[in-house]
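Asks: Given next are the chains, with one letter for each unit.
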Amino acid sequence: MTNPPTSHQQPLNWLTLPHQKRLEVLDDLSDADILKSYEYTEGNDEDFLLHLHRTRALFTPRNIEFVEIAGKAPGKDTLLGAYRDLERSEAILELIDNSIDAYFRRKARYPNACAQELLIFIGFDFKNGTMTYEDNAGGVQEDSLPNLVIPGFSDTDALSCTIGSYKTGGKKAIFKLANEARILTRYWNPVGTGEEAFVIHLDAQWIEDQDEYRFPVFKLKNKSEINSGQTIYTFRLKEQQPWTPDVLEHIKDEIQKTYTLLLVRNPNIKIHFMTREEHLSCLDEMYKFTGALEDQLDLRPRRVLFKATLPFDDIDHEITIEIVLGCRTTTATTRGPDNWGIDLYGNDRLFKAYDQDDIVTWYESITTGNARLYLRGIINIHGPNVFIPWDTHKRHLNTDREIVTLLRKDPAIREFFGEWAKAYNFVSRMKPISSRIGRPQEAFSTVKGKRDLHVAESKSVTIGKTRRKTQDFDLPKLKLPDTKRLASSDNVDLRMRVTKEEYRDLCARFGVGRAEENSTSYRQLADAIRSYALRKK
Amino acid sequence: MAEPRLIFNDRKYHALNLLLARCAVLDASLRRPFRYVTMGGTEMGDVWNVRWCTCNNVSSVLSYENERERFPAAIQRASELTALGCPTSVSFGDIYNFRRSNGDDQQYVFFLDFCGSFNGTHISSVRRWFQEDVLRPGDLVLVTSWLGRHPGWPRVLAPFEGEFLYLGIVTSDRRKALYYPFHPALVMYRALLESGQEGEVEISCLGFVKYSGKGGGPMGLYAFQLSAGVTDLGALTSNLGTCDTKTLAWDVLSMAE
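Heads up: the sequence lines are chains A and B, in that order. Here the first sequence is numbered in our numbering, starting from 469 and rising by one per residue. Here the second sequence is numbered in our numbering, starting from 18 and rising by one per residue.
These are calculated hints, taken from the structure and not from any lab test. Do not rely on the hints blindly, as some may be mistaken.
[Claimed, not checked] To give a feel for the contact side, a few chain B residues facing chain A, derived at Cβ under 8 Å:
id: 1; residue: ASP111
id: 2; residue: HIS139
id: 3; residue: GLY155
id: 4; residue: ARG172
id: 5; residue: THR188
id: 6; residue: ASP190
Where a beta carbon is used, it is the ideal one built from N, C-alpha and C, also for glycine.
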């Protein structure tokens, strides 16, 4: 029971009260009594009331029962400073990565005690300055709660085939996004009943204190606030970071781009952004390969699964490098998601899109010039997290990793890229061919009940030291016509003059971005009109 | 080949007068002398209306004409207006080519009188106007927009995905229902945001008048007031006074519920 200060005592400063003391006061006293008894140094009575209202809404003092102060000493890995150069979109991706890892882990361990669908929800309440992140990946047990908060602690290990940033991801997200946070979780016990719901409170003092890792854990009195198997993060957002429509749009784009392939291959995972009514769709436009297939021409995309082993702690571990290569329908750049380059994935999670700088330099056969603008594909490394060559924030390719050496040097991989480089050069040189590749194929298709990237052919090749020296590379072959049979260059240049207003109208009609007045936009519009006019009925 | 003379029906000027009357109550800029930049065509009927409604506060007029066939007629009309005491000049080209000269701190009223849709393709041009200080606090911007057939909802709505998300408008039905009254406001907001001036310039939408354009197609006329301040998307897209000259209905609309 809390006794308010008596009338002859100076009112206490509310903001200097420890968090737990504040919760006790909120539980015991009404707002009016608190106003009489405590001083609020950051505003007037109205501000104080608003602060009390928000604190009650976030920490629900009347629905919790104190358990303990938890938290162990931090591990050797430290993330001090690591979250500062994280973008807000990347922070949200870290939370999604963790949810997906937790879901797959649970599914593998308890297939009959796992949600049919992984549902992730991300929402914002700008009026109250909060963000909510929810998943139903299974919840977190009481003794694993530090893994949510303390850097250096994790449910996974370096050899797990996961996508989350090992030991740091979710924690970076909290530090990046929140002034204060509440984490509510209710573990779905696969073997019995008696599930408790726990609440972790991370107030502003805790978040700002670089040395404090211990955190209060409460039991939720009214468990109906959360479903079994759910975890709910509520963040009071940092005020120094304004949230504008373009930021939200960027976050949505990043989520869709990062998880398109994973969502296609796992349709039971659904991510909801700003609405519970619809989940985010996959971006077909990311993979706009030509479906050119004629008597003497086959430029449809191909996939090869390169099987290898890599050592870790003196033990060899299996990995699969999935490479899909195809030909774009145009050399136009900056057409939204339809751009040239190689996408880099780790366990189906995109970490670098449209690489145009690193990978193209590894294979001399992919020359400079217009031909490379036809290049489109993915390199997707399946295997232990420790082998995936992403950096701390899963934003860049770490070229110092052993797997990159394998990608650069292995003769089978080089031959596969070489085969496609020939095709790109051919298409670029032969105008009659480049006019026949304009029709895109569907990006994804369903084969034997499984949805995936639509490829004409898929093969498996063993590489590295496990490959027998006499083994030939059985790689997919493309089909290109005999050049002597093709007519020599017989291009015709068509010109059209329009007013600026007509230009804007045409851009709107053909879906060409913002009608910028530059040669890139003009070329995009010309390509779009040409494709439209030449389209067969 | 463009029509040699561009003549609009009375309905357009009826709509213009309704909007100017509303602006005169809500915005002080029309009660002071201002320069008027427009796409007046060959008849410059809007100039007449603006002069009358603002008690001749138009200090000068600059009209843009981008059709060669109409340019001589526009020049002729400009001379007539000048002779009647309204200094008017015509420039060949796109209205977005307009730039203030050095030291020009005058208040402006702009009439972006397009026949087409004032959609996402205008964002970059308006952004440049903000960036190059053509649009300033104290100015008024009138905009027409075609409300008829368009190249498909996905293309039309795509430039404003962020704005819809921010306002919590997530279903496509609701987005379509709100698009016609609010799309010019979204263009102005996005252009301002991209210029980085959303903390310095406040945009308010003073009204939306729907009317039947040339050939009977639906058109919208919108007015935007610029003042010093901060633009909040929620405020810009709430309490919009709208009226329909065909049905004589009027309403107050907001994007966010």
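Asks: The structure should be examined with respect to each hint, and the outcome stated for every one.
Replies: Cross-check of the supplied hints:
| no. | hint | verdict |
| --- | --- | --- |
| 1 | ASP111 | holds (4 Å) |
| 2 | HIS139 | holds (7 Å) |
| 3 | GLY155 | violated (25 Å) |
| 4 | ARG172 | holds (5 Å) |
| 5 | THR188 | holds (6 Å) |
| 6 | ASP190 | violated (11 Å) |
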